[in-house]
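**Student:** As a plain string of letters, each chain reads:
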Amino acid sequence: MGETQSVEGRPLDEQELVEQARGGDARAYEALVRRYQDLAFRTAYVIAGGSADAEDAAQEGFVKAWYALPRFRAGSPFRPWLLTIVANEARNRRRSGRRQDDLALRVAEDRPSGDAAPSPEAAALATEQRRLLLEALGRLGEHDRQVIACRYFLELSEAETAAALGCRPGTVKSRLSRALDRLRAALAQQGGGTPPLTRLQGGEP
Amino acid sequence: MSRRELDLEGALADLATVLEFPPTPDLAAAVTARLEAATARRAAPTARGRRLGWPAGWRRLAVAGMAAVLLAAAVLVASPGTREAVARRLGLRGVDIRIGGPPPPTVTTTPGGRLDLGLGNRVTLEEARRRVGFPVLVPGVPPLDRPDAVFVDQAVPAGGRVDLVYRARPGLPASPFTDAGLLITEFRGRPTPEFLKKVTGMGVVEQVTVAGEPGYWFSGEPHFFTYQDAAGNLRDEQTRLAGNTLVWQRGDLTLRLEGELSKEEAIRVAASMR
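Line by line, the protein sequences give chains X and R.
Residues in the first sequence are numbered from -9 upward in steps of one, following our numbering.
Residues in the second sequence are numbered from 166 upward in steps of one, following our numbering.
The set of hints was computed from the structure by calculation and includes no laboratory data.
Careful: at least some of the hints might be erroneous.
[What the hints assert, rightly or not] EDC-like cross-link-like pairs, simulated, lysine to aspartate or glutamate; straight-line CA separation at most 20 Å: (1) R:K428 / R:E371; (2) X:K163 / X:E148; (3) X:K163 / R:E378; (4) X:K163 / R:D172; (5) X:K163 / X:E125; (6) R:K428 / R:E378.
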């Protein structure tokens, strides 16, 4: 996430920033935007499916959130509230019939997944497995991909995922579970019945 | 949780470490610039509604700053081709918008420029009634019986829509984006049964009755809803952010009123529509 900005020469926590912003402090709000712009943009990207639309949605969401701040319930969590607004914007920009870019995320160039210097063969295998997984994800329906992306790629909480997807918090768990089932099925189909998942986990031993 | 589930989750977590999202644009700068441009001309959001000593009945008609923008969002959903153009006209890129007075000869992107709302074609009330296939209703409560501007969109949603826009005035303060005061939208369609389920748990929605027909009252938090238009298409629509919204039905029409009316005031205006 982006750097947060100290307004008075010391780091402010989220609640203080929100309170100051509610009081009309534009600099405090700018600090909040900076803190959450990655989150907002990526969430919008997952939902809208393209970066231009995601940028529009996130920017508009932040502007609307500013004007809605007087109605923000003091003390309640800011992230899900913000995500609701941004995600609504993103949904409004989603183009019907368009195949989404959303999870066609670029696989970073040979970035090891945490372990030091895997062998070239192991690295190639890991890359191939990730590619297969990404491909299987791409064959899922929009809702399945979105709930998986929210939970695993954006690392949103269940409440935040519900906010982003516009569903009830109680349904996130079951939606995710069904999405994983379908992902597993897609992988099985792809791999001729035996997905190489046990090897896929965690990169290298 | 089974081993295989753990494996799959592990694989996704692993994938997350190598996925790259597109670079995040500098939203903080863009947002701040837009807010500065707006606040240079307007009071701070918390001061909205307190600048004038309005008559008690209208004090809370502090209109949703976003009403017009949200309406445009609905247009955007349905017609992506015009989205960019509409967005610019609506001030989504820092463009100032005003209604009232004659339409501007050219679109201007400087603060203080005067634009229409991009809600469709600006017409007279009579013309709107000729163009859409449903009876266009207006509030029976003066001064709302005479909208300052009427827009019609015959294409979206199916069956067309009409927007009644009321200019800011004492009692109807200007929004940060427009000089719109209050906005009433009418179209053929009905909220879907799934509609309430889609309202986020964070919103406040209440079922109400308007002149004997069902309605929904939103307050407090952002929300959106889904409706089915006259052609049976499901549409998602955001209703409001900065004000309260009443959505109700009258026969096969769906109507929506956006502003900071109290529930009772909104229902009173809604019930007066004829």
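**Student:** Please list, smallest to largest, the hint numbers that this structure does not respect.
**Tutor:** 3 and 5
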